[in-house]
Amino acid sequence: MAWTYLLIAGLLEIGWAIGLKYTHGFSRLWPSVGTIACMIASFGFLAVALKTIPVGTGYAVWTGIGAAGTALLGIILLGESKDLARLACIGLIIAGVIGLKWVSPPAH
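Heads up, the sequence shown is in my numbering, so the first residue is 46 and it goes up one at a time.
Derived from the structure by calculation, the hints contain no laboratory data. A few of these clues could be false.
As the list claims (entries may be wrong) - Restricting the straight-line Cα-Cα distance to at most 30 Å, the calculated cross-link-like pairs of lysine-lysine (DSBU-like) are:
id : residue 1 : residue 2
1  : Lys146    : Lys127
2  : Lys66     : Lys127
3  : Lys96     : Lys146
Predicted model only: the values in this text are computed from it and were never measured.
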């Protein structure tokens, strides 16, 4: 379950990172509320996952999911660059996340 919690935490990180764009500096109420809720939930799921996953692995996977997912949604939702080099770098982040999961011992 720890890896599931970590995945959820990473997806919620994507939610709050993208949400920050829509808060307009926390000047819009409902996007701000949603963003803060995602932040709290993301940290909560991360904390639960880190009970059994090593902190270095868990934090790296959490930020990797957040970074790659946010970059991809930036391309899809916000019209950010889809330059081949940028996509390759996002692919490297994803490969790193998969690699960390692959070489990590099972969570207890």
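Hint check:
1. Lys146 <-> Lys127: Cα-Cα ~27 Å, so holds.
2. Lys66 <-> Lys127: Holds. Lysine 66 to lysine 127 sits at ~19 Å (cutoff 30 Å).
3. Lys96 <-> Lys146: holds, 16 Å
This entry satisfies every hint, going by the numbered hints stated previously.
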